[in-house]
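Asks: Chain residues, written in single-letter form:
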Amino acid sequence: MTNRDGSRDRCSPVRPLLAGDVLGDDVVAGFAWRSRGDEEPSTHLDDKLLLAGDENLEAPPERLVPQTSEGAVACAAMPPADLGDGDVRNAASVDPTVPHRVDALLDLPGAAWQPVARLLFASVHATGHRTWLSGGVVRDVVSGVSERRINDLDLSGTVPAGRFSDILYQSLRASRMAEFPTTVTPGSLVCAVMPPGSRTRLIEYRGLSATGFRFPAVGSSLVQDVRTRDFTFNALFYDVLDHKIFDPTGRGIDDLRAAERKFVVLKETCESFARAEVIVRALKFAMRWRESRPPDIDGLNSWLCAGDPDLCGALTRKQWRSLGEQYRKSVSAAKEDQRTFAERLAAPGRQLLETLIGGAR
Amino acid sequence: MTAVHRPLSAWISYLDGSALEPVNDGDDRSDARSFTCFDEGWARTSAPWGQSHALALSDGTSIVVELDNFGRPIPVTPAIAAAVERVEQNWPHFQTDARDFAEASFSLRYWLLQRLAEEGAPSDEAFSVLPWELLDRAVASLLITLDNPGELGELVEMRHWLTPAVCGLTGPLEQLDHGLRTNDERVARLGAAGLLNNLRHLPLSRIPTASLGHLTALVQRLGTADPWLQHAARVVRARILGESVSLMNVRLSSTLLAAANDKTVREHSESVADGNFRLHVDETQAGWVRVVVEISWSDVEPLWRRDGMFAPIRVVPADDSPEQHYWIALYPENDAFVGAIAFQLPPGLSEIDGDGVPVGVDELAAETTEALLPSLFASIPQSARQWMKRATMLPSRHPVKAAVLRFEESL
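Same order as they appear, the protein sequences are chains A and B.
Using the working numbering, the letters of the first sequence map in sequence onto residues 1 to 361.
Using the working numbering, the letters of the second sequence map in sequence onto residues 362 to 772.
Since the hints were made in silico from the structure, they are not lab data.
Built from N, CA and C at the ideal position, the CB exists for glycine as well.
It is possible that part of the hints are untrue.
[To be verified] Not the full set, but computed from the structure, chain B residues with beta-carbon under 7 Å of chain A:
(1) V384
(2) S489
(3) W493
(4) G532
(5) E535
(6) Q536
(7) N558
(8) R561
(9) S659
(10) P663
(11) W665
For reference, chain B alone in the conformation it holds in the complex (with noise of 0.2 Å):
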């Protein structure tokens, strides 16, 4: 938090004459960022290195070299090394020109932004120094992948270089475009429900416009190719575009006798829908609640084969109490996949939030199972059936498989 020049990158490396000594000293578990030894005293430079040059710090005496992830030094202009120093003249806050780094390494930008980011509060325009461009041409080849079966678009590989922006973007849609390049459903499908639930919730103000918008086109193109994610699609693309949509969310009060404050027996139902989704609540006076979920079968084929389904509910109270989540499991009825659970509401206000992307067994098996036993203990029969028929198919690790014989054994 100090305007000193300090290693912006984790590892660093002493320049001997032409050679560079070992990581951070041979401690390269450690974070050059942090030793005291660069509290004072150091200047932002750039050492001549091979044919170019690379980011470097000089006390004067001994000149440091920041490496990348690969022990390589970090390569930089003269001029760019000149942008970072002025960025440091007023750290934390970065009052430079994004355009001076756009020819600079995509290690140099993420160091820069991720030490940025961890030590003060950078404007969301100082994160257009990192290389959307990547961002832009994943998304744009994923829709040629999805739009044209058995044509691939371009291997674009996002690593970590966005995360000082945003965490939880960039790792599904790999994971969605892994899954289309090796032909492989389940990761496939994983990916693509991983991007729809996390864009619900990530923030969106570091993302520039433009990505947003190409953004946009894929979630789109998502819920209306397979209709499990259609619901959640639609929420998504509505909160990036500013837009209101129905939501699967139902507010319920614990107290709903005595706000009645007579003696007949209350009951509070509502229902919300939206497309093929609908969620219906019946709440009754002692503060239970009882939540069906009912998915409409589509004319459209999804895009990848289920097997099994649960959808995802949270229960958030108003006030500090923890969130509840249970996750309903789905059987076929009529022209519908149908569940329900049945339980004791929270204290207070809670808000029942059904808008997450419905999951298999595989989302399941990152749960403990302590985490799932309260859904099958709030499930109605058909819906516990379900639970058994699944964990039937399952190894004895599997969390899923763990419950359901907790379950039985309680039976």
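Isolated chain A (complex conformation) (with noise of 0.2 Å):
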């Protein structure tokens, strides 16, 4: 038997609430996290409630979230639903190895994840949520990359981030890795989890974006996910269940995969600081890749030129410190092959890139 979506009939008969669900006389906007302040680990008594009309509230309202959609009229799509036909596909279809290689990435003997990385995925499924994974890891094994070099994995999902603490740690009991701390960072909804004594994590999870709020929040589709994104060939999600490859934006798989592989902006923003992060990652990518023929850069470029042509002057000393530590960490190339890149970017990111390469001021 299968879903609408494709998927076979594996998951919870129970329907968790979506945002798109009204809910009474409202419309269920999104899910935010709060903690309660107390020195209790969080758990799904942290997600906050998110309806219309909650967007211009300096912080998340006190207000639970109900663990199923009952009472509520089930509006959303559950996710993949929200996507057109053509944006879902059988990974064997992209490249016959992938779920081969996603299977053994999985249960990689000696990776840390190994013990518990199937558990999670089933103990979400169980309650009736999703969960996939997301950004470098699906681009990673879509582009060929040997499962041996993936050091983390990252996920995403319609979870709340409380729930997703509670479902983790009930996963790790069961894997003995109880003694695993997890984190959930209040800036971005990120839950991650690591090894004890290191800082070094190997699964990372953060809902599906949603935006609109003067606070963080989640939501529960993929196509308002990738708008927060910065290129297509990150905007790919892999369901383990079923071997399905979600490509938000249609052209994801295929601009990673392009003998030129294409740089294509997704990130909807006006801010000078998340734009330069943008041409900063741009810069990692491409030097990632600089084996290969050099990439289609046309839609950076676009995407560049509709903004503001002096980014440099917008950006604080602060974050040009900030930017500059994420140079550091990120690229490591011959700075002729960096400079080589940067001059072919449009004018406010070449005078970016420029100004990093030569020192950051």
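From the two separate chains plus the hints, produce the assembled complex.
Replies: Structural data, given as structure tokens:
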């Protein structure tokens, strides 16, 4: 038996509340997170229900999230049902080796996530929520990077941060990994787990992005989520249960697998620092792939030309420091290679990279 | 490694009036303890936060608040902040009364001992600052659950709070508890086996005596309740109490022939036994050894069902050569489960260690195919057939399945 989204009927019969559902007279707009402030670890009690009209609140309201959609009108589509038919592809149709490599990645002997990864996916799905591999790990698998060179698992899904923390901890307990500390970053709602005594993350999860609030929030739409991501090739999701790849932009897989990889920016923002971060990340990926043919950067240049021409002048001293730190951490290629890439960029990007490459201000 | 005041916690936030700035200036993957800005000029303090105070540092112009793993300021009283300052004055030597931290939050106690253990060599007594009452309550809860089927003890989450002192103790305990609580035999069995295996090797000196006493009771309970755990439980109990016990250990030399110095064919046989466990070795003149494990059936019904059992064998060379690991697949024969392997000893002296808890295919899922193959090639035919029998029920990605396929292809 298959569902509307093509997945086999292995999910819980329980349907969680999603952004877009109607509860009484209110439309569910998303989910925020605010710790209760005591010493308790984060749980679903930290998740806050956001309704249409909460956009101007200074802080998340004290409104708990019901664990199911019982009593609500389930208007929202459970992702990936919010995508078009062509945006959900069998992984094997992209590359027959991909499903095998994803299985090998999850079961990788010696990988810190190996005992818990499959249980975590199954536990999330048992609640009716969905979670998938996302971002860098999908990009790497689809572009042929060996699973042994992947250092962590990025996850995304429909679960709010507090409830994900609940599920994660129970999965860790069952996997003899209860000693692994878990975190929730208040400013991003990223949930992470790391080995005892280490800060190196082995799993990172973030709910699907929801914008329009004055505090961090998550939602239930893949289409809305990818508008906050940097490039189309980083806006891919992988369903490990059905071995399907979600490509909400409809072009991420092709942009990634093109002979000349296409750098097409998704991030819709006028904020200077956020735009500068995208440029640094473009350099990072261009240097990572510098052995391949030079990328097609028409999309990146169009995006740069549509923004503030004096991007460098709009950044504060503190933002320059932060960008310099990001640059040093993520780019280690020869300066000559970096300059070659920078010279191809439209003026705002070129000026920013030349400043960083030549030494941060 | 200096007496300066720097963060105990990996996350900090600048206090801007009554609001907190982003964790670690927006880079939450970084570790505030290594920020160069804290190299000098900071003093320990507490900052008013809500109705109480937060652990903080001040350089005279800025206040930095230390955060827990959920981005919350770590609560302190001014007296506890002063106790932290006293520790920092002598850093990394802990010369403070541990009772000064009795009322401190778990986060503060964890981060204090974590950094002390990383940067110095604190005495075992220093670790008494950690919340050992969690371990005591968790063990008491497990004993209630084991002794009273159908009755669940208190749910105790120990998380990472005790890991500055010992890693690998509370993880298996929580796994055992989770398995019993959710009636998942596999998870409970893995937890019990992991606990006993880890307690054979973990350093125990940082664990308070009273807590070790509680653990001993749990270990003994597991050993009497399940015959497969009996020997390992006796080994662990003896280790904790400093008593002697019959170990499944045999020392062998690969140079038997040379030592004999005559022309007769020499063999060396030795058996060790403890309760229903027996290990027998035959060594030939050419340095080959045959190891037989026999676990006789017990009148006691095992706590948990097993789907295939493999007895772990460690071969530990006396020099610095790497250890070799084998798993002997056991099969029923007469009134016992038996299995055997034969392999070439490493050069020189070696110890054959068979004290580990027999495992199922679940435990072998974390091994590589390459790590399992030597066991298959070393197996006598009856044991090899057990590997093949178990492999038929496993998914293709399971390393046991992959090892058996490669073994069959080589025949």
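Asks: Does each hint fit the structure? Answer for all of them.
Replies: A quick look at each hint next to the structure:
Annotation: interface hint on V384 (chain B) holds; nearest CB of chain A at approximately 6 Å, less than 7 Å. At its closest, the beta carbon of S489 (chain B) sits 19 Å from a beta carbon of chain A; the interface hint therefore is violated under the 7 Å criterion. With its C-beta approaching chain A no nearer than about 15 Å, W493 (chain B) sits outside the 7 Å limit, and its interface hint is violated. For G532 (chain B), the shortest C-beta to C-beta distance to chain A is roughly 4 Å, which falls under 7 Å, so the interface hint holds.
For E535 (chain B), the interface hint holds, the least distance from its beta-carbon to any beta-carbon of chain A being 4 Å, beneath 7 Å. For Q536 (chain B), the shortest C-beta to C-beta distance to chain A is roughly 4 Å, which falls under 7 Å, so the interface hint holds. Contact between N558 (chain B) and chain A, as hinted, is not supported at the beta carbon level, the nearest pair being about 11 Å apart and thus beyond 7 Å. With 7 Å as the threshold, the beta carbon of R561 (chain B) stays out of range of chain A, its nearest partner Cβ sitting at about 16 Å, so the hint is violated.
Hint status for S659 (chain B): violated, given a least beta-carbon distance of 26 Å to chain A, over 7 Å. Taken as an interface hint, P663 (chain B) does not check out: its beta carbon lies about 20 Å from the nearest beta carbon of chain A, beyond 7 Å. Because the smallest distance between the Cβ of W665 (chain B) and any Cβ of chain A comes to about 15 Å, over 7 Å, the interface hint for this residue is violated.
Checked against the numbered hints given earlier, this structure breaks hints 2, 3, 7, 8, 9, 10 and 11; the rest are met.
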